[in-house]
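Protein chains: 2
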Amino acid sequence: MKLKAKYIDMDTGEITALLHVSDCLEMGVHEQDRIKLKHENETVTAIVHTTERYLKPGEVGLLGKAFQFIGPELGESLEVVPTGKPESVEFIRKKMDDLELSTQEINTLVTDISLRNLSQVELSAYVTALHINGMNIRETVDLTKAMVDTGETIEFDRGPVFDFHSVGGVPGNKVTLLVVPIVAAAGLLIPKTSSRAISSAAGTADIVEVFANVNFDAKKLKKIAEEVGGIMAWGGGLNLAPADDIIIKVEYPLGVDPHAQLLASVMSKKKAVGADHLLIDIPMGQGTKVPTMEMAKQYAHDFIELGDKLGIRVECAVTYGGQPVGRAIGPALEAREAISILEGSKTPNSVVEKTLTLSGILLEMGGIIRGVDNAREILESGKALQKFREIVKAQGGNPDLKSEDIAIGKFKADVLAKKSGYLGSIMNKQLVQIARAAGSPKDKGAGLVIYKKVGSKVDAGEPLYTVYADNENKLNQAIGLTRKLEPMAVAGMVLARMPGITRYQS
Amino acid sequence: MKLKAKYIDMDTGEITALLHVSDCLEMGVHEQDRIKLKHENETVTAIVHTTERYLKPGEVGLLGKAFQFIGPELGESLEVVPTGKPESVEFIRKKMDDLELSTQEINTLVTDISLRNLSQVELSAYVTALHINGMNIRETVDLTKAMVDTGETIEFDRGPVFDFHSVGGVPGNKVTLLVVPIVAAAGLLIPKTSSRAISSAAGTADIVEVFANVNFDAKKLKKIAEEVGGIMAWGGGLNLAPADDIIIKVEYPLGVDPHAQLLASVMSKKKAVGADHLLIDIPMGQGTKVPTMEMAKQYAHDFIELGDKLGIRVECAVTYGGQPVGRAIGPALEAREAISILEGSKTPNSVVEKTLTLSGILLEMGGIIRGVDNAREILESGKALQKFREIVKAQGGNPDLKSEDIAIGKFKADVLAKKSGYLGSIMNKQLVQIARAAGSPKDKGAGLVIYKKVGSKVDAGEPLYTVYADNENKLNQAIGLTRKLEPMAVAGMVLARMPGITRYQS
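Same order as they appear, the protein sequences are chains A and B.
The first sequence begins at 1 in the working numbering and counts up one residue at a time.
The second sequence begins at 1 in the working numbering and counts up one residue at a time.
FYI, nobody ran anything at the bench for these hints, they're computed from the structure.
Some hints could be false.
Put simply, identical chains are the same to the list, so a pair is met inside one copy or across any two.
[Said to hold, decoys possible] Okay, derived cross-link-like pairs now, DSS-like style, lysine-lysine, Cα gap no bigger than 25 Å in a straight line:
id, residue 1, residue 2
1, 442, 56
2, 429, 249
3, 484, 38
4, 249, 94
5, 94, 429
The shape of chain A in the complex, shown without the other chains (with noise of 0.2 Å):
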């Protein structure tokens, strides 16, 4: 059928095209079959949705990132001609029948997924079927290498390469600021790329980002870890296992993570910049990804033996996730708590702790002996501090820097404890919730300071936390918040009344 060009600028994450509901009944396509769009000597594949009203029968609506493929003039004729699902669609059925896939069905499944050939109902079965059935280590490997292949990859003149992740779901994790220059000061090349947000106050690039460029490609990151052995750079512009952000936006709406998607989406994008040794910090307890040591004792074992046969030597480190690692919540409120660890303070506690552990493991891993030790020598002697400032000015930022020279949120409001006693839990999605509401990652001014952690003692009328807005409308939204989640609960003393036996005398 020949059929009129018309744009639409809609991305709705597939290849789609509109046709009216009179060309469909005549072509017998219904609503999620395939046509085949030709122009030229051009062709693309799109996934039919139908309307009634917006296009007149004769034409065709381009939505999205179709009409690049292909190009037509608006109103140029289009040869139209129903085609069948790609063969992808049956390996993800038989996932969902719980039949092992091989490394060819893995291949064409990945391509696909990367060449968005398929729709959001079939990427949801897909996931929704990992979820369920899993894939074993054989299948996982094949789903890993083959991410890697659809994507770009980086390969630097000098070795080895360190890199470092984090599972993350634990609020106020800014250490990568801090084990990035340390381990780069020891002269191993340790070129991080880092997440934004989606569904926490603030991933890495969030955070660097306040002070510094983290948008590079792969050339310029290439060029910024070989001359400075350090970069903290935004993963997500370099076009690394691309498959993977795709199948993330339809793990996001469902809350799932599949173990073993979850497993080569880190690897891929470890692999595609060529890491040779790997530190995976594996944050456990309610409310993370890792919610029990079971089970992060299943991601260590996983991620150890995937590293094995990609050709990368994996270590894992499972933390404390169960409170916010800090006191800082939010992109500027973690830089400042980050950077004033490099310039001397001993506080808080558990990101110094944290960082020197890690750290040490990654210098013991290239060879240095007494890793912690070491770390704590390059961070007290002021060398991170040092090599932090040669990153930053790496990435276009100012090497000068102090940490109160960061701008936070000049809104802000104490939140106080009703009563007295100990604080009992901390939940850290309630917090992210309320920094979120707050403003975070957005207004990068945004964020919470906490004051107490689980066990502290706690007096009625003390500021538990503070929050931080770059607005006064959007703190008063994260205050209401506070009272409906309240997500730091102080026990009283007495944790329950047990009454005794009472005889009454007639």
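Chain A is fixed; fit chain B onto it per the hints.
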């Protein structure tokens, strides 16, 4: 946030709002998140899609049915507020984790589906989880009841109500056109609703539409059925169990039909028309929905048990579905074949036999003894033809219609056997593909007439089947497919040659 309304008439199958990425960043919402749109006193929740160019910052695009709920004028301001996911997403997660859903959870889930509160991604996760993890009978009963409760129901003044359903998947299954007039002629009330083809060559509604109207509202359907005793209507126009229609749109692209959903789909539509006695035809064989006898028995068992819990007396008939029923496939060709039997034709035998067996069971369910004999008497005496004419007249068709009056495709071509032998197999799905390529079900005259059944002796050059089409182009396309698919395989008399032992003498 206040945004200006802009309309986009495109039905994505969800209630969708298109936002500019910068407004998303400001509000902290992502693709697939939800926002509440408020206008005067009306509120609607929509799923977020993003654009960088179709809208300017400050505008909101209202897609498909979103705007009907709140109806602002073009350019008017709407209050837009981020909001959470419906609770149902948690229940889908529970099913993904293979947990049993409570009655209340199923009610909420089905209500959200019927109100289009769930996204395509979420619906796909539901269908996939249901395919993998299934539902027990208690959940299936609740699912069915919830699907009835969220749609229209019809109550007949006279009873009991008899009904019939064929699980489908076998081409040429036009028996409803014969069963309904026979059962109605016996004095039983049979208000039959049917579907249109989705992936088959012709649904019962497509066939009946060749000679009568099929689209009635509930009131008109009730009137016709009560006056004439029977009706053959399209179920899609009645809003019975609307959640089912939404779920089917996601099952279709995945090519799945989860057991519990299939059961609930059939039974909800029967419960909605108040069926007291229900006969279910389960065509079993390669290329149908039920390939094995074991699976057929499982369906029969579950239909009967489900009926018991819903107050419907169910009987099931497992029928042979390994090849087409009768000779004709396609709306007009099937109408012709069915009416010719009402007019007295004794062939095709498979149609006559299946009709009398099924009608006989229904008559016996209605207390009429020797059901098959009675059904045969009703058919052969012309009483069935008389009742058929009454039904056609009530449905606005020509009651004097003769089978040979029905227009079939003007363009036709025979497909000949390439060699002599016996017909080894007929592939249902491939025949359907050819009929659809010829124009079925949209082109009423398009389809196939087959001359040989499995086991028939075939001479080289003899016609195996004829392809009919309403236009020459589609005929050529269908004929092209016959060569590729070879749906009817003739095996030579010698199926395999087993060479003996040869001794060489030196």
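Hint check:
Only between protomers do residue 442 and residue 56 lie at most 25 Å apart by alpha-carbon distance; the minimum there is 19 Å, versus 41 Å within a single protomer. For the identical chains of this complex, residue 429 and residue 249 are intra-copy neighbours only, at 20 Å inside a copy versus 35 Å across copies, given an alpha-carbon limit of 25 Å. Only between protomers do residue 484 and residue 38 lie at most 25 Å apart by alpha-carbon distance; the minimum there is 23 Å, versus 56 Å within a single protomer. In this assembly of identical chains, residue 249 and residue 94 lie within 25 Å of each other by CA distance both inside one copy and across copies; the values are 22 Å within and 21 Å between.
Only between protomers do residue 94 and residue 429 lie at most 25 Å apart by alpha-carbon distance; the minimum there is 20 Å, versus 35 Å within a single protomer.
Checked against the numbered hints listed earlier, the structure breaks none of them; every hint is satisfied.
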